[in-house]
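Colleague: Chain by chain, the residues:
There are 4 protein chains.
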Amino acid sequence: MTLRIIATGGTFDKHYNELNGVLGFADSHLPDVIKRSRITISAALEVVSLLDSLDMQDADRQKVLAACQAASEKAIVIVHGTDTMRETAEVLGPVVKDKTIVFTGAMIPYEIANSDALFNFGFACGVAQTLPPGVYVAMNGTIFTWDNVTKNKTAGVFQHGAVSPASAEKPEEPATSDEVAGSGS
Amino acid sequence: MTLRIIATGGTFDKHYNELNGVLGFADSHLPDVIKRSRITISAALEVVSLLDSLDMQDADRQKVLAACQAASEKAIVIVHGTDTMRETAEVLGPVVKDKTIVFTGAMIPYEIANSDALFNFGFACGVAQTLPPGVYVAMNGTIFTWDNVTKNKTAGVFQHGAVSPASAEKPEEPATSDEVAGSGS
Amino acid sequence: MTLRIIATGGTFDKHYNELNGVLGFADSHLPDVIKRSRITISAALEVVSLLDSLDMQDADRQKVLAACQAASEKAIVIVHGTDTMRETAEVLGPVVKDKTIVFTGAMIPYEIANSDALFNFGFACGVAQTLPPGVYVAMNGTIFTWDNVTKNKTAGVFQHGAVSPASAEKPEEPATSDEVAGSGS
Amino acid sequence: MTLRIIATGGTFDKHYNELNGVLGFADSHLPDVIKRSRITISAALEVVSLLDSLDMQDADRQKVLAACQAASEKAIVIVHGTDTMRETAEVLGPVVKDKTIVFTGAMIPYEIANSDALFNFGFACGVAQTLPPGVYVAMNGTIFTWDNVTKNKTAGVFQHGAVSPASAEKPEEPATSDEVAGSGS
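The listed protein sequences correspond, in order, to chains A, B, C and D. For the first sequence, UniProt numbering gives the first residue as 1, with consecutive numbering after it. For the second sequence, UniProt numbering gives the first residue as 1, with consecutive numbering after it. For the third sequence, UniProt numbering gives the first residue as 1, with consecutive numbering after it. For the fourth sequence, UniProt numbering gives the first residue as 1, with consecutive numbering after it.
Derived from the structure by calculation, the hints contain no laboratory data. There are no misleading hints in this set.
All copies of an identical chain are treated as equivalent in the list; a pair is satisfied when it fits inside any one copy or across any two copies.
Subject to a maximum C-alpha distance of 20 Å in a straight line, what follows is the list of computed SDA-like cross-link-like pairs (lysine to any residue):
(1) LYS99 with THR130
(2) LYS35 with ASN152
(3) LYS153 with ARG36
(4) LYS35 with GLN159
(5) LYS35 with HIS15
(6) LYS153 with THR40
(7) LYS74 with MET1
(8) LYS153 with GLU90
(9) LYS99 with ASN148
(10) LYS97 with THR130
(11) LYS74 with THR130
(12) LYS35 with THR2
(13) LYS153 with ILE41
(14) LYS153 with LEU54
(15) LYS97 with GLN62
(16) LYS35 with VAL157
(17) LYS35 with GLY156
(18) LYS63 with ASP83
(19) LYS63 with GLU87
(20) LYS74 with THR40
(21) LYS153 with ASN17
With the hints as constraints, model all of the structure from the sequences given.
Modeller: Pasting the structure below:
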């Protein structure tokens, strides 16, 4: 099994600049992330861009598509900003049929306390190896197909759906763990 | 999709006791892990035990089996020590056929810098939702069936195999990321 | 020895809001900071404000002065934004003569990787107990009197001086450690 | 002002070995600690040893003394194990009169969550610059002279005293922060 990790930026990879107090980009954190994860399958990292997904133009999304098409690997994880993850998935979805592509990202940057980044990256690296060819989004411990996902910005989670949840329907809040009685302790 | 997380201890959940300098167990870290992962599917946590897997007896492994059999969920992640993860998987493997059970753990405790714990937990939560029913081990970004996995203690990684690698064959070392030329930056 | 810790905000106490991607303020981190520091002398925490020091008005600085004057403790640490730390120190310096007041802060928020916050806080808690009464700034492992300190925003460090370093004189860069031959290893 | 940092090991600098699960020593963390602290005064690092202080012999303590005597700096911070910090301080105390030497360490290793290491290091770097020549211990946000300090192993804190607290007198527990009403929020 060989995996390709494509970095495009996003909150996941943001870096705090102490001189101006701005969260922007420096080098990707993914080399460190991959190293600490102790991944023994082949995992090639390709940094396509380091952008906030709100700043992505169609040309940027086309670069992501091109990188996927050029890849020899059949399993690809794309680290991407959450705000327009869907939009890039929509560029790939109708086109890429021969590979399993899993988009993921983070609500809290990898370098900030309590980040979901490493969990999401692990989750995506897993399901990229097991899902059938197609384009997916993996966030909040949930797998979505590219055409059935939307970001609920109010709740800060991803949900099934084709459009933004404009109605007041109750969003899925991040779950707290429900401890249940076990067989011992 | 509903998930059950079963905690049994292991390096993943070890806690440094500052009064005696020993790495042992206090409360499981899994409630915090689940919360920071922002999991929106139902994820019930059950603490069956908090043991170093070198200290697990057959009765402890039977408790894990019993917890799996009693679970209503079809997808289960078991956080377990790495030293005898295989042994417990061997207790479940021949018996549990109607659920997807994924063992994972960590080489470095969750509370220590550079831990692989959160990556492994995310990976396992993902593949538990996609693998067909059966018993698996997920470590090092790799999926193993319960009957084809062994821990290479010298290299600190899991490999395919039915027995410990007593020979001097070259173990799979954790990969560093191989950066490749991308389509932009 | 009793200490008072006065929180006013600043980069030290900033918190990442995952819903809008902004670094702002939630609860102060200082209760956790004090707890993990295992401080056995009496250390009373007072949250006067949680402001970016660029947003501080004269009324805000007067509140800090009032808190210092009202305090029964003779040793006070003030956690403050670095951008106008000097300005608040200038309000206290000519007036407070009977207490040792030490301003500190951080260039990187406490909750972000590689933060200087905890080092600075420890440093300030130490020198607040040993310096003679007066008003000081403690940043970059250096002690400054309130009337001889300025923030070099280009280099991101504090230096001696009465005005901002408008000239091109070489700023003091944060030192890397110089390892020297020891008597053993 | 120039500072010398002398590393001798201790819990502060312990490192988790993932292959055998043991907390031992690898390279000192102090280069990283000094770098993230953004120290602008000269701070020379000397690694004299990396030992658990329970394993220190008289010869090891003599090495520490020799390093202090050879140092050109007048302010020295010694990072040392807490269990026999007093014993080494007792070797230096009667002898070193022309420098300010401050011993510190940690109850929780620097690389483990909630460590007091960085706070203690900052505290010591501060008071090393302000205390009169002599030998001191700085732990728990408290300054002790070398001849009036003892480690209360039951409570995991340092206290004034010349002998271990064999009696059942109530030890000083690490304080939680007492929040008091402030002049604003």
